[in-house]
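Visitor: Same order as they appear, the protein sequences are chains A and B.
Taking the numbering used here as reference, the numbering of the first sequence is continuous, increasing by one, and the terminal residue is 119.
Taking the numbering used here as reference, the numbering of the second sequence is continuous, increasing by one, and the terminal residue is 369.
Take every hint as true, because none was put in to throw you off.
Computed from the model, here is a short list of chain B residues facing chain A with C-beta under 7 Å:
#	residue
1	L38
2	E124
3	T145
4	V152
A few chain B positions that, by computed beta-carbon distances, are all more than 10 Å from chain A:
#	residue
5	G28
6	S72
7	S76
8	A182
9	A188
10	Q353
Chain A is nowhere near these chain B residues, computed Cβ spacing over 12 Å in every case:
#	residue
11	E73
12	E82
13	K112
Everything labelled a hint here was simulated from the structure, so no lab data went into it.
Just so we're clear, the structure is a prediction, and the values are computed from it rather than from any experiment.
From the three backbone atoms N, C-alpha and C, an ideal C-beta is built for every residue, glycine too.
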Amino acid sequence: MDEKSNPGVDRGTMDLIEEHPILDFPRGEKVSFFFDGREMEGYEGEPIAVALHANGIRVYRETAEMHRPRGFFCAIGKCSSCFMVVDGVPNVRTCITPLKPGMKVETQHGKGCVPEAEE
Amino acid sequence: MKTLSTEILVIGGGAAGLSAAAEAAAAGAKVLVAESDLHLGGQLVKQTHKFFGSKDEYAGTRGFKIADILLSEIDSCKENVEIHTNTTITGFYSEDGTFTAMRGEEKYFHIKAKKTIVATGAQERLIPFPNNDLPGVYGAGAVQTLMNVYGVVPGKRVLMVGAGNIGLIVSYQLMQAGVEVAAVVEAAPRVGGYWVHAAKIRRMGVPILLRHSIRKAVGDQVITGAYITALNDRFEPEGEETYVDCDVICIAVGLSPTTEILSQAGCKMMYVPQLCGLVARRDRTMKTSNPDFFTAGDASGIEEASAAMVEGRIAGLSAAADLGYPTEHGKLDEYWGRLQALRSGEAGARICQGLECVLVNRWEDVSDD
Chain A
1 MDEKSNPGVD RGTMDLIEEH PILDFPRGEK VSFFFDGREM EGYEGEPIAV ALHANGIRVY
61 RETAEMHRPR GFFCAIGKCS SCFMVVDGVP NVRTCITPLK PGMKVETQHG KGCVPEAEE
Chain B
1 MKTLSTEILV IGGGAAGLSA AAEAAAAGAK VLVAESDLHL GGQLVKQTHK FFGSKDEYAG
61 TRGFKIADIL LSEIDSCKEN VEIHTNTTIT GFYSEDGTFT AMRGEEKYFH IKAKKTIVAT
121 GAQERLIPFP NNDLPGVYGA GAVQTLMNVY GVVPGKRVLM VGAGNIGLIV SYQLMQAGVE
181 VAAVVEAAPR VGGYWVHAAK IRRMGVPILL RHSIRKAVGD QVITGAYITA LNDRFEPEGE
241 ETYVDCDVIC IAVGLSPTTE ILSQAGCKMM YVPQLCGLVA RRDRTMKTSN PDFFTAGDAS
301 GIEEASAAMV EGRIAGLSAA ADLGYPTEHG KLDEYWGRLQ ALRSGEAGAR ICQGLECVLV
361 NRWEDVSDD
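Start from the sequences and build out the full structure, keeping to the hints where you can.
Guide: Below, the structure is given as structure tokens:
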């Protein structure tokens, strides 16, 4: 994925709502994680997909046959659009999987590979 | 594999599920709530506006505060309630009455329950147009999750598709969050949502284009714009297409009930357009044709959160009563009175039409077909 597809890559800021007339946003600890090898910051416990969005990342996976980009869509774990490879595990619903420090999040190409079982 | 057992399993911790859990636990039943999201409250926690409806259903209170009220009600009988968030019910096996469940993406276990309340809510509908699969085309609920739950800016400039209550409310919420709304397009010749919501966004200068729809989304890897067009009386595109500069296309064209578990449990289902899709037949206690399964909230037909909360209470009360817990006499009638009051308006008339098709008076009279 290049600059054009994910305009926020490497810019080092997050798209956060700083002031809201009604809501405030209690956030977890600020932690770093990796997206396709690039280090990024997010808040522990927020969904991975949300942390990526705040970092300007829009494309989360590429479909198996037509190679179409896919990203955020339903945000409630029902639609499959935001499947990614997380710490080697494919097809993770990143919209309802909490971010943890040091997580390795990768763009999923196609159906993903099931990791070898550990001995 | 580990098996959890409970008296009442509530699937879904949103408006209906929390109300059901509160009601059943107050009656003395042991309740397990399984919620796939990371937190409870469902769509309530995403709502910044004050609810309409009646005082009994917290009219005048903002949605996210209503979730807090329900949670504190549950907390007051917490010895009866076990809550599992980030836990998805993935199936029901009727041969031995077991639910399969998944915590996160990798921890699998079983659940057994005497009674089950299916309050699984709904999922966003999508309409067909070229490039509707590109990142940047988001469901209205997803936009609310980003900005109202996690405080993340969804985009710079949004085209809203749909002028029902959700489209109107989310447009207003976007502006609250400092995001520009380019326009709201609505295929129907009139605004579908409450006039007061439409008036709020018109006052803030956002055009609501009736008899208009999106023709196609533009973008290579992500959305960079959209073409919209006017529609004629037969909903066919008419005249020139207009380009709208936007990086988010927010889809608010309605919801479909989430009902797979009910189908797996063999509940008699029916397609009811007024309730927006396939729903379970049910009696006045929200019990389905499978006497161990109840349905409530959007899963039983798309309606407002106020009605979902009352339906949840009915289902919770009835499930507890079926297990032999004493419940207050006349409470069921009181809840039906509240539902009738909530459904007295124009939108409610449509719901009542739908309910006439799906509601069962006596299960003995329902044929097996």
